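**Q** Here is how the chains run, residue by residue.
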Amino acid sequence: MSTQLRPAPATTPPAPGGTGPRGTGRPSRGRWHALRTYQPSGRFLPILATLALFLGMLQVGGLRYEGFTSSQVILNLLTDNAFLVVLAVGMTFVILTGGIDLSVGSVVALSTMVAAWTLQDGWSPVAAIVATLTVGTVLGLLTGMVIHFFDVQPFIATLAGMFLARGLCYLISVESIPIRDDTFFFLASEPIAIALAPWQGGVVIGLLALGMVAAVVKRAALRSALLPVLVGLGVGMWVTLLLMGDPELTTTYSVVIALATVAVAILVLHRTRFGRTVYAIGGSEASALLMGLRVGFVKVAVYAVSGFCASLGGLLFAFYMLSGYSLHAVGMELDAIAAVVIGGTLLAGGRGLVVGSLLGVLVLGTIQTFISFDGTLSSWWTKIVIGALVLLFVVMQRVLTRRQS
Amino acid sequence: MRDASRVFSSTLLWPLLVLLALLVVNVVANPGFLEVRVQDGRLFGSLVDIVRNGAPVLLIALGMTLVIATRGIDLSVGAVAAIGGAVACVYMVSSPDESGLGTALVACALALATCVALGLWNGFLVSVLGIQPIIATLVLLVAGRGLAMLVTDGQITTVNNDSFRTIGVGFVLGLPVAALVAWAVFGLTALLVRRTALGMLVEAVGINPEASRLAGVRAVTIRWTVYVFSGLCAGLAGLMIAANTSAADANNAGLWIELDAILAVVIGGTSLAGGRFSLAGTFVGALLITTLAATIPNIGIPSETNYLFKAVVVIVVCLLQSPKARAVLRRRRTTPAPPAPPAPPESPTPTLAKAGTR
Amino acid sequence: MTHLDSAEPVVSMQDISITFGAVTALDGVSVRLFPGEVHALMGENGAGKSTLIKALTGVYAVDGGTVTVQGRRLSFSSPAAAQEAGISTVYQEVNLCTNLTVAENMMLGREPRFLGAINTRAMNRRARATLERLGLDVDPASTLGDHPIAIQQLVAIARAVDVDAKVLILDEPTSSLDADEVEKLFAVMRRLRSEGTAIVFVSHFLDQIFEISDRMTILRNGRLVGERMTADLTQLELVQLMIGRDLEVLEKLERELGEEGSTVVDETPVLRAVGLGRKGSLLATDLEVRPGEVVGLAGLLGSGRTELARLLFGADASDTGTLEVAGRRAKLRAPRQAIDRKVAFLSENRRSEGVIADLSVADNMLLALQATRGWLRPIPSATRKKLVDEYIEALDIRPADPDALMRNLSGGNQQKVLLARWLITEPDLLILDEPTRGIDVGAKAQIQQLVADLARRGLGVVFISAELEEVLRLSDRVVTMRDRRKIDERTNVDVAVGDVLEIIAGDARAEEVGARA
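Chains as they are written, first to last, in this note's numbering: chain A, 36 to 440; chain B, 52 to 409; chain C, -15 to 501.
Rather than coming from a laboratory, the hints here were simulated on the basis of the structure.
Among the hints, a few may not be true.
To be verified - Looking from chain A toward chain C, a few residues come up when the C-beta cut is under 7 Å (computed): (1) Gly246; (2) Tyr314; (3) Met326; (4) Gly331; (5) Ala383; (6) Arg386; (7) Val390.
Note that this is a predicted model, so its numbers are computed, not measured.
Glycine residues also receive a C-beta, built at the ideal position from the N, C-alpha and C atoms.
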């Protein structure tokens, strides 16, 4: 017991006048001072860095290559990576609890197989979709149960899940199975016009501008969240401008599904007890237990969520490829993990945002677009750059957490 | 001897039994399985193929054992192996004397040096920067194959050098060179680890890092060393894989081999939580994995389902190692369960340290 | 405050006994908690404080005795059950999630919801109301980790209070707080007390105990020593009760080994520390140890005795002051640097900082020597065998099997192995932190004898123990620590336990006397 004193946390004695973010009652010491000492809360720093990285890359691409920043090209970042967005969302849940899920790539392959196989067998598209999602979710659920009830490390348990899913693929068929279903075809390629007319865009931008004004007026209530809110609204304006930029602009249902997944994930993570427990476990599992939260349930559930997202991603991948094949999505788990890390989520858990993972996927997509636009750069640069970015973010997180503790 | 019997009963027994069972299954399916015949002064047979094909996994598992013993993990070995093979092949192809023995030697040295450098990099991230091993080695896992393709310029580089080819498919005294090399390295390492103090210090760091620090063990150096060694082993394995086909395939050389290696280590009885390690166990584990891979086609199941069997093995082994699962099994056997004994009074106030901060 | 006895106790624990295997951790202890009081739980290491708290919070099951909460007999099966009965605990390490907001930390698990969705606004409002009730000006929407530990501690209390706790247990909440922060905590405690909450307060700072508590229960070796009103007790009396000797009896105890006297005077000190300190753990302290001298560090738990030892060994790095080892300046940033200068340190945490449980006795013994040689130069097996056999015999380690696994040895034998680990490195200075704690009597005497012998052979020894008798019996010089600094140093000529007790309790009692006058 007497050792408990020893590693006395390096706390700075509270400076007179206040420590850390303080209540509102205090008279302000002048606007300039507030501006000078303004510090966006530490948790937003990584995601702001990701956003800056993404926009910076677009900027550089736009300067170097004709048409790089055209609305359709930027929108295609999403169209071509919709499945990865969904995977990254599921992975975010797992990583936020401090775990990892290596099985998602294999589950994507398995999902394409299950979908193709059931369709070939004459199932209705709806039944095929339900079956696919069920398989992925159950697999995730089982993995989660092994992890929680038997204390097996997530790394190893999901490794087993990875082997299992791949093995099941081969059990279904060694060959590629084409998908010829009309519904799938429709979902895969039916263009949805999403261009905004100038007046529509104008209204949206006006609303966003109003939001900005409101945010600045209510800055006292927003405090450290002010900058992220302003940046978010700014990004909204940029997106609106993009949508106004090309009257022919279209997208696919995959993108709609992916963005809906992101939206639902944000709601769940930030507005439900389940979501907050995910964060609490990542922060400190022991504390979460002492707070009386349902730690066991949530730990199992995040793997089920990840399994669900992997199978949904697999469906989107099936829309994209229109085939089921055992060798689909080899190594895709690494892309998903990389997207989450580049999106600013702490691999140790507890910190990170789903929007960050979306941005992470967009960054990965931009790298690919870069390489395809350039023509002289070889495809392997994708991997090298992704590795370098992962390193950059891991080291950045390390520095940030070290400074805090 | 009491010691030896205990080790046998706890860690080596099960993998050995499974290995034996696999062999029996093979013999039943194919009575000629165990046959080894001499032809052109070489040994031929399924068993010879198993030891030859198992050489790269064995080498990588060897390096992985030491890494895992320090509470670490090295995910990048497959990618490092690919880079090693790529460096060797590209050097040979670009040298004026592509098929010379000297060229092959320089190529191998160059490849191994590269892999040692990559091991240094991993070790730096883990031991100096203090990044979690899974994450630190993830960087090279992601980027490594890209680097290998950078070296080979995205081509499958084929070389025409018989000396180099020997590492993969050659025979000396009737035995496959790959297996001989792997076994020699294995033996040397076992000797090095147990004859010097490296093994003891590695285990000390893995079992109780803080106590080791207070006893003056330079944990940073020890950790760093094992990652460098792991890189070296991966390089050797990469050379074998490349020599096997006389080509460097940046995309597929050593694909998933890190998982096989980790599996071999775990099957061999070394806990992923670090600490005591068993090189003999790793040896058996690696042999088991290779035999499993050979068994499946031999008994007439498509070899692609290999994965399914591996999954089953991983799950079974992990459940056997998990204290919780064992407790459940034990409780089934001996009812009623005694009340969980509370922590001894000496332990400090509730263990509220964050769970699982490995 | 003085009419507490007339009220019904909110919690009454009667004749509580808890055993762990053969060890009796609590033996018939009774405690009463009254509404509106701060009740201090006092005792040295191993007295049973934490066991008692865990019994009250449902972590341990009670083997004997009854727990009555507001007149109802209860037996808690889990921490959750205790919380439901209105008993909340705040531990020394903040048990919250630093990555969540202040409000979430206070409300999570019972946050206001609308159709399953958390109503963040209502949650923040309720959190703010509770914080204001405690007089705290903290933004509920800010991230907890952005606040200093003191605020986090107060938020933990706010969480406990928000469930309408009848009993609030504060287990060493002040150990990492500075004076201002402690004041803030006390203000909150006073407010809660006035609202009728019963507060159990555990702290090893005597001044704080006397400042805030109304009543105290004193434990020693798992037994109840007594329940006293704080106002009726002086610090000296309290220390005597905790350590368990009557002043008069103690005066009669003579030193047994001191007679031989020490002849060391003129040699260069093995170690000299000037102004050595570390933020948050030790104020600037001077210390000198000469060859052949045993310097005893006396003081209560948390007085800075262990902290000083760790700085001398480089286990923690110092922020201030200088250190000289064998006359040469040394800046110790890692234990290895100290070991290379022939300093050895036996940690008080045998299990977590000493024993390598899965290695053999021989490996454990040779670890430090091997570490200094580097892994490339293994100790030759002949030397190895000779050293190990020699020390197994010299220290009477049982079982006398070099290949036995360390985890299978008893505490006393493990301690001897660890001592051997350091003696094998042939140190000039040996720092022993509680070398005899938690080991049986026979081994204890053997270790004490060994320390005396070593000093006679010319080693400098720093000896730390909670048992004053032991410190006095062994040391040539006694240094007394209190409140993270050295308050006294004297040659151990005629020092009696009572003298040291008076020093430990001393200056506060003087103040007390001054205040009464």
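**Q** So which hints don't hold here, by number, going up?
**A** 1, 4, 5 and 7
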